[in-house]
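Colleague: One-letter residues, chain by chain:
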Amino acid sequence: MNVQSLSQWQFAITCVYHFFFVPLTLGLSVLVAIMETQYVRTGNPVYKAMTKFWGKLFLINFAMGVVTGIVMEFQFGMNWAEYSRYVGDIFGAPLAIEALLAFFLESTFLGVWIFGWDKLSKGVHLAAIWLVALGSNISALWILIANSFMQQPVGYSIENGRAVMQDFGALLSNANVWVQFPHVIASALTTASFFVLGISAYHLVRKHQEDFFQRSFRIATVTGAIAVLLVLLIGHSQAQHMVRTQPMKMAAAEALWETADPASFSLLTIGNEAERRDVFAIRIPNLLSLLAYNRLNGEVKGILNLQQEYEATYGPGNYVPPIAVSYWTFRIMVGAGMAMIAIAFYALFFVMQGKSLGKIKFLNLFPLAIALPYLANTAGWMLTELGRQPWIVFGLLKTENAYSKSLSAGQVLTTLVLFTLLYGVLMVADLYLLRKYAVAGPEKVSGLGKKRAARTTEEESYWE
Amino acid sequence: MDLNTLWFILIGVLYTGFFVLEGFDFGVGMLMPFLRKDDNGRRVILNTVGPHWDGNEVWLLTAGGATFAAFPGWYATLFSGFYLPLFLILIGLILRGIAFEFRSKDENPRWRAMWDWAICIGSFIPALLFGVAFANLVRGVPIDANFNYAGGFWNLLNPFALLGGLMTLFAFLMHGATFLSLKTTQNLSETARQWAFKLWIVTVVVGVAYTVFSYFELDVVGKLGVNPGIIPITAIITLLLAGYFLRTRRTGWAFIMNILTIAFATATIFFQLFPNVMISSLDPAFNLTIYNASSSAYTLRVMSIVALIFVPVVLAYQGWTYYIFRRRLNEKGESLHY
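Protein sequence lines correspond, in order, to chains A and B. Mapping the first sequence onto our numbering, position 33 (from 1) lands on 838, and the numbers just tick up by one. Mapping the second sequence onto our numbering, position 27 (from 1) lands on 162, and the numbers just tick up by one.
Hints may contain errors.
Below, in silico cross-link-like pairs of lysine-lysine (DSS-like), each with a Cα-Cα straight-line distance of 30 angstroms or less [said to hold, decoys possible]:
1. A:Lys-1012 to A:Lys-1203
2. A:Lys-1241 to A:Lys-1164
3. A:Lys-1241 to B:Lys-333
4. B:Lys-333 to A:Lys-1249
In silico negatives: residues of chain A with every beta carbon more than 12 angstroms from chain B [claimed, not checked]:
5. Pro-850
6. Asp-894
7. Phe-973
8. Leu-1173
9. Leu-1239
Don't read these hints as lab results, they were simulated from the structure. Just so you know, even glycine gets a beta-carbon here, dropped at the ideal spot from N, CA and C.
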């Protein structure tokens, strides 16, 4: 293993790990803010208890997202110095703006929210959690503006062998941002909704705190159903955008070797990646053209044709991303998404009927469904980043020219192993705490159900 | 003044903000296991920085982001060159960040003791290594013709740099103890003040050693003249005043003096660097400067507009949080989160 591949592994592991926590932070901040809004509007203490219970789980998750995010910001310079020099003029700006506009907002007001329960008026305290939600989601916007430049470079020129910003507005209005950002935000809300649904179902099955968890279940069902539907619709336009701007990624995700019109959609392909051919394939005629253009015909380019085309444009080289990974991550993402749509609308059906939710069939399976958004989020990012290979910035800079020249393989191996070990240990601690508080329910966290004066209850909750 | 200079100053300001703010929560984190052995006492200590530490840390993230945006060449060479120290700093920041949030979420004493040490060590590593890094920056490191760092890890641990590390370590410990004394009452406040004074003595000793050493290691006289100028002298005076105020129990004033000392010392370091951002010990032609390492004029202009609008906004709301959480914490009957 050389410096490049070790750095790629390290980036992949730390990035996937970071993105394990981020979607829940983005989505749950909004759900908790909605719950506290309900509390401030109605004065009903059950909403306050909900804010505190879900807020506690939010905080445990938030901490993991924050600390693993610092690694991401430093890693560009640490492991990808040549990349940083090449695109720094463009890529650094959204990162700096992310810190200045978003990180300060979310971190500062999270402190205010945690410690401000008995120091602030209800309205100001509510504003704090909304600012946290706003800050988190703004940070997603700026990092995706940066990432979109890697997918679809815009507003630049090449001067002295590096990319130089020509138009800041073009970075912001990059079409890729406006399919990717809504997709991530909607996925994040979906993640949080399934998280709340699963834990609420766990308690509803046990007939525990039914009022509390029925309300939680309802809020999560409604937001989850809307969000997952948006994921589908935006994901569809994102795929169409990909066909236009990164056809190779789509061809790899579909294991489409030859350009076809109309193009068929692969239901199942077992391929031989080395020889670039199918071993076994079931395909649905015309469906890929339909997905790409909303009509039955239309040319979708194939891997072999694109390889020839890119060789003509960019010179000799291998322009084919890892096909099996692209193909299967695409299917895992879409498959998990379809399953979530079914589950969310199944739940919505019962919620709309207004019946007691404890009687929903298969309710005991809902906790397992928490895994679905995580599968989809992880697979989605792997497709986005691996499907772009061999490019680190599409069409401009290859990954093989981007790593830090001053590093030795031994250094990167050391940090790779230590990061992985530390992250493993922290994951155990994180899951332990999440499970402990989720299973314990609101009595432990929010003091709900205890026969005490309100004031004492509140202090009790801080002492745990 | 051109935009390159403005951004050099702005990054200096961001690091100053980071050292002034996170400096005291590093100090509080390191002192916590030594000042109190009982769980409640430790919780009170942690809760003095509870609402602030995360926001304080963003100053570092913003400094890093601003370096990337304004001086990508500096960001690339520095972060890849100081690879292992930065890795250790990251490990420290990860440990303490998680520990703050996780520590009090389980009652098992071994669980709590484990995270207490994670906070202590996680604060110690960056407090030491930031000094090491900045001392190396002003001393110069081997940078080759491609602007890549060409030394190893051990090269960075030279005696001068280690002394710089001790400098930030003890300054932050003193700063943290002073903050703790300000934010607590009775016995804990008094104990913290006594620690702060003892740490002040060590800081002065290390500071004198560092200053003397720097005349041998750096071209101080050539750079600043025989009279080093108002900025380093102010740093020395405010450091001496901090000891006086600690001694006379005027902790608020001592804290202000600490802030000024850290700010003027950071300014001194940036003055010693200017107009370089990294000095090559191999050949001055390989120095990274605010011109050859910078972004384009257009990017600097965009970033200047963003910074001039939002930095004051951030200062305003972060200042407000110090106002609402200004009350001292008592060891009895306090409602604590951490």
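Colleague: Hints first: check each against the structure and report whether it holds.
Modeller: Outcome of the hint check:
1. A:Lys-1012 to A:Lys-1203: violated, 56 angstroms
2. A:Lys-1241 to A:Lys-1164: Measuring from Cα to Cα gives roughly 25 angstroms; hence the hint holds.
3. A:Lys-1241 to B:Lys-333: violated, 43 angstroms
4. B:Lys-333 to A:Lys-1249: Given that 30 angstroms is the threshold and the Cα spacing comes to 43 angstroms, the pair is violated.
5. Pro-850: Check passes; 18 angstroms lies beyond 12 angstroms.
6. Asp-894: violated, 5 angstroms
7. Phe-973: violated, 5 angstroms
8. Leu-1173: It holds; Leu-1173 (chain A) is separated from chain B by about 25 angstroms at its closest Cβ, greater than 12 angstroms.
9. Leu-1239: The claim breaks: Leu-1239 (chain A) does not keep its Cβ more than 12 angstroms from every Cβ of chain B (closest is about 10 angstroms).
Going down the numbered hints, you'll see the structure goes against 1, 3, 4, 6, 7 and 9, while the others check out.
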